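Sequence lines, in order, name chains A and B.
Under this note's numbering, the first residue of the first sequence carries the number 66, and numbering increases by one thereafter.
Under this note's numbering, the first residue of the second sequence carries the number 29, and numbering increases by one thereafter.
Honestly, the hints are just simulated from the structure, not real lab data.
Incorrect hints may have been included.
Using C-beta positions, here's what the derived DEER-type ranges look like [stated by the list, open to error]:
(1) Ala124(A) with Ile284(B): 48 to 54 Å
(2) Thr144(A) with Val107(B): 46 to 52 Å
(3) Gly301(A) with Leu132(B): 24 to 30 Å
(4) Leu100(B) with Asp286(A): 26 to 32 Å
(5) Ile284(B) with Pro246(A): 33 to 39 Å
(6) Ala120(A) with Pro222(B): 48 to 54 Å
(7) Met161(A) with Gln67(B): 29 to 35 Å
(8) Phe337(A) with Val137(B): 15 to 21 Å
(9) Trp129(A) with Thr219(B): 25 to 31 Å
(10) Trp77(B) with Ala124(A): 38 to 44 Å
(11) Pro246(A) with Val51(B): 21 to 27 Å
(12) Val51(B) with Glu109(A): 31 to 37 Å
Derived lysine-lysine pairs resembling BS3-like cross-links, with alpha carbons at most 25 Å apart [what the hints assert, rightly or not]:
(13) Lys273(A) with Lys133(A)
(14) Lys315(A) with Lys133(A)
(15) Lys126(A) with Lys160(B)
(16) Lys315(A) with Lys291(B)
(17) Lys273(A) with Lys126(A)
(18) Lys299(A) with Lys273(A)
(19) Lys97(B) with Lys261(B)
(20) Lys126(A) with Lys315(A)
(21) Lys299(A) with Lys261(B)
Computed list of chain A residues with no C-beta within reach of chain B, every gap over 10 Å [stated by the list, open to error]:
(22) Ala78
(23) Ser178
(24) Asp179
(25) Leu194
(26) Leu206
(27) Ser254
(28) Asp256
(29) His266
(30) Pro270
(31) Gly317
(32) Ala327
Predicted, not measured: the structure shown is a model, and the values here were computed from it.
We treat Cβ as the ideally placed atom computed from N, Cα and C, and that holds for glycine.
In case you want the letters, here they are:
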Amino acid sequence: MKRRIPILFLLPAAAVLFLIAAYPVGFGLWAGLHQWNWALGQAESWNFIGLDNYAQVFANKAFWNSIKVTVTFTAIAVTLQLILGLGIAILLHNNMRASWFFRSAVVFPLMVSDIVAAVIFSTILDPNLGILNYALSVVGLPGPNWIGNPNLVIITLSLVDTWWQTGNIILILLAGMTSIPQDRIDMASIDGASGWRMFFHITLPALKPFILVALVFRTIDALRVFALAWAITKGGPLRATEVSQLYIFKQGIGGAYNMGYASAAATVFAIFVGLVAGIYLLAMRRTPA
Amino acid sequence: MRIKRRTLGQIASFTTLALISVVFLAPVIWIALTALKTQREALALPPVWSFTPQWHNFIEAWQSNDFAKSFLITTSVSVFSVALTLALSIPLGYVLARYRRGWLSAFEVAIMVVRMLPEILFMLPLYVIYQKTALFDTQIGIILAFQIFNIPYCAWLIRQFISEVPPELDEAALLDGASLWQVLWFVIVPTIRPGIVAAAVLSFIAVWTNLLLPLALTYSETPMVATTIANFKGYGSFNWPVMAAAAIISLLPQFIFFLFAQKYIVKGLTLGAVKG
Numbered sequence: 066m067k068r069r070i071p072i073l074f075l076l077p078a079a080a081v082l083f084l085i086a087a088y089p090v091g092f093g094l095w096a097g098l099h100q101w102n103w104a105l106g107q108a109e110s111w112n113f114i115g116l117d118n119y120a121q122v123f124a125n126k127a128f129w130n131s132i133k134v135t136v137t138f139t140a141i142a143v144t145l146q147l148i149l150g151l152g153i154a155i156l157l158h159n160n161m162r163a164s165w166f167f168r169s170a171v172v173f174p175l176m177v178s179d180i181v182a183a184v185i186f187s188t189i190l191d192p193n194l195g196i197l198n199y200a201l202s203v204v205g206l207p208g209p210n211w212i213g214n215p216n217l218v219i220i221t222l223s224l225v226d227t228w229w230q231t232g233n234i235i236l237i238l239l240a241g242m243t244s245i246p247q248d249r250i251d252m253a254s255i256d257g258a259s260g261w262r263m264f265f266h267i268t269l270p271a272l273k274p275f276i277l278v279a280l281v282f283r284t285i286d287a288l289r290v291f292a293l294a295w296a297i298t299k300g301g302p303l304r305a306t307e308v309s310q311l312y313i314f315k316q317g318i319g320g321a322y323n324m325g326y327a328s329a330a331a332t333v334f335a336i337f338v339g340l341v342a343g344i345y346l347l348a349m350r351r352t353p354a
Numbered sequence: 029m030r031i032k033r034r035t036l037g038q039i040a041s042f043t044t045l046a047l048i049s050v051v052f053l054a055p056v057i058w059i060a061l062t063a064l065k066t067q068r069e070a071l072a073l074p075p076v077w078s079f080t081p082q083w084h085n086f087i088e089a090w091q092s093n094d095f096a097k098s099f100l101i102t103t104s105v106s107v108f109s110v111a112l113t114l115a116l117s118i119p120l121g122y123v124l125a126r127y128r129r130g131w132l133s134a135f136e137v138a139i140m141v142v143r144m145l146p147e148i149l150f151m152l153p154l155y156v157i158y159q160k161t162a163l164f165d166t167q168i169g170i171i172l173a174f175q176i177f178n179i180p181y182c183a184w185l186i187r188q189f190i191s192e193v194p195p196e197l198d199e200a201a202l203l204d205g206a207s208l209w210q211v212l213w214f215v216i217v218p219t220i221r222p223g224i225v226a227a228a229v230l231s232f233i234a235v236w237t238n239l240l241l242p243l244a245l246t247y248s249e250t251p252m253v254a255t256t257i258a259n260f261k262g263y264g265s266f267n268w269p270v271m272a273a274a275a276i277i278s279l280l281p282q283f284i285f286f287l288f289a290q291k292y293i294v295k296g297l298t299l300g301a302v303k304g
């Protein structure tokens, strides 16, 4: 049945989204085609330069560095979270009686904001005054400079993100596990399957669509990381944690005010994130749920 | 023998879970302890375990760096932002759930894409636009900005819940002479209350915790909790206990929601996986 759409249900939300999302993005695209550097006194005037800003973005080492840093962070963080999340979800699922408390404990970090996570870990990871390196020294291990070592710091941020967001994956996988029909598990155990075989032949295949969804959510979120880098390291040392959103923020309203260039960089990065999302969504369509 | 192996396995996995829980909770517990110490005790290594709780750290945190002001403003912004989001996305969710049109699906995909895009794409131009329209550093400005991400999320969540309500319910009410607004308010809204609670709680937390939006669009007139927390860290020789106390105070709303609305939070976070 084809009824008339109640346009008044749709219009207010659509109007707000147009004004606050679509129009600004259009304005940003237009700004990206202009030489518009407020630091050079061009706040009130801009010059149309076509795709020059885009050429500069693609030629800029710092921009590519930010992409590399962002992708490295995402790859490490999401991989760790997926492995840990899968392990913990299985443990929780097999210990239903105790799982209320344990589930709450591992999900609790999700309630902490990224800026508070940054505050917490800035104190814990401090190389001289932090509790973590002290604890390591007690058991005789050398405490690395978590935040000051440019080769290590991106792993540090990935670990903080893992503490913060693994609960997300656990919740999704737990929801997936309760959806595995019990008779399939019973059948398999009658056939003598147990432990690892059960895991690889029953649990994992049944969980595949849920793992994929968790992967998509976490990847898109991790690519947009900002607060952890901004608050723990300010992007340093030596741009080692200058993730893309932070790089673009600094180029634009976070200090340099090179608005045309920053707008172009934001567009390129948004397209990159959109492409990753698109590839994932295609992969999900191919996997029958 | 079999039974024995089984109990051993259970003890092992129980212990593992307990250890993991400690690892996940320890950072927050540590910062809560830090909030109760003096600066000297907070910096002491080996750590001080027995100390007189310095409750006044919380008062000091509340009174410094605009924190109290930012707490009240963020509360107000969160409440009004969530109200606006719900008012706009419940009707939108209804249309998305009940009607089939090509352009409607295109619109749905478009708002889902908006939700995935990096915030900075919107914040650069909004900063300029807000400066020109006097929305910069105002509550209305930041409330509007949060709609970019919260309307798509809530509309999608609510759409999933409405899809589970049989359309016959709407039809019956319509035949009885109800208007579509009445159907929405008296039939749909009461039926999908868990979905609305989930949407409200999760978008409240999103407003409360986001850093980049207030960092881009507010300043001293409309300080938000996320940015004032960052300021505690910004000052040269910062005071760990007071900063920790501020961090703990800022967790209060989430803590309350976690205690009383965990069911809805979990539902909201996992629905995407179950519905695909």
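Is Ala78(A) truly not at the interface, in the sense that its beta carbon sits beyond 10 Å from all beta carbons of chain B? violated (4 Å)
Using the beta carbons of Pro246(A) and Val51(B), state whether their distance is inside 21 to 27 Å or not. For Val51(B) against Pro246(A), whose Cβ atoms are near 33 Å apart, the range 21 to 27 Å is violated.
Does Lys261(B) lie within 25 Å of Lys299(A) when you go C-alpha to C-alpha? The given pair, whose Cα atoms are some 12 Å apart, holds under the 25 Å limit.
Does the claim that Gly317(A) lies outside the interface with chain B hold up, using a Cβ gap greater than 10 Å? violated (5 Å)
Checking the smallest CB distance to chain B, is Ala327(A) really beyond 10 Å? The assertion about Ala327(A) is violated, with a minimum of 6 Å to chain B.
Given as non-interface: Ser178(A), which should sit over 10 Å from chain B by C-beta: violated (3 Å)
When you take the CB atoms of Leu100(B) and Asp286(A), is the distance between them in 26 to 32 Å? holds (29 Å)
Would the non-interface assignment of His266(A) survive a Cβ cutoff of 10 Å against chain B? Given that every Cβ of chain B is farther than 10 Å from that of His266(A), nearest at about 19 Å, it holds.
Please test the hint of 15 to 21 Å on the beta carbon pair from Phe337(A) and Val137(B). holds (19 Å)
Distance restraint evaluation - Trp77(B), Ala124(A), Cβ atoms, bounds 38 to 44 Å: The hint (38 to 44 Å, Cβ to Cβ) is violated, given that Trp77(B) and Ala124(A) are roughly 56 Å apart.
Could you see if the CB distance from Ile284(B) to Pro246(A) stays within 33 to 39 Å? holds (37 Å)
So if I understand the rule, the pair passes when the alpha-carbon distance is 25 Å or less; does Lys315(A) with Lys291(B) pass? violated (39 Å)
Of the hints listed earlier, those the structure fails to meet are numbers 2, 3, 7, 9, 10, 11, 12, 13, 15, 16, 17, 18, 22, 23, 24, 25, 31 and 32, in rising order.
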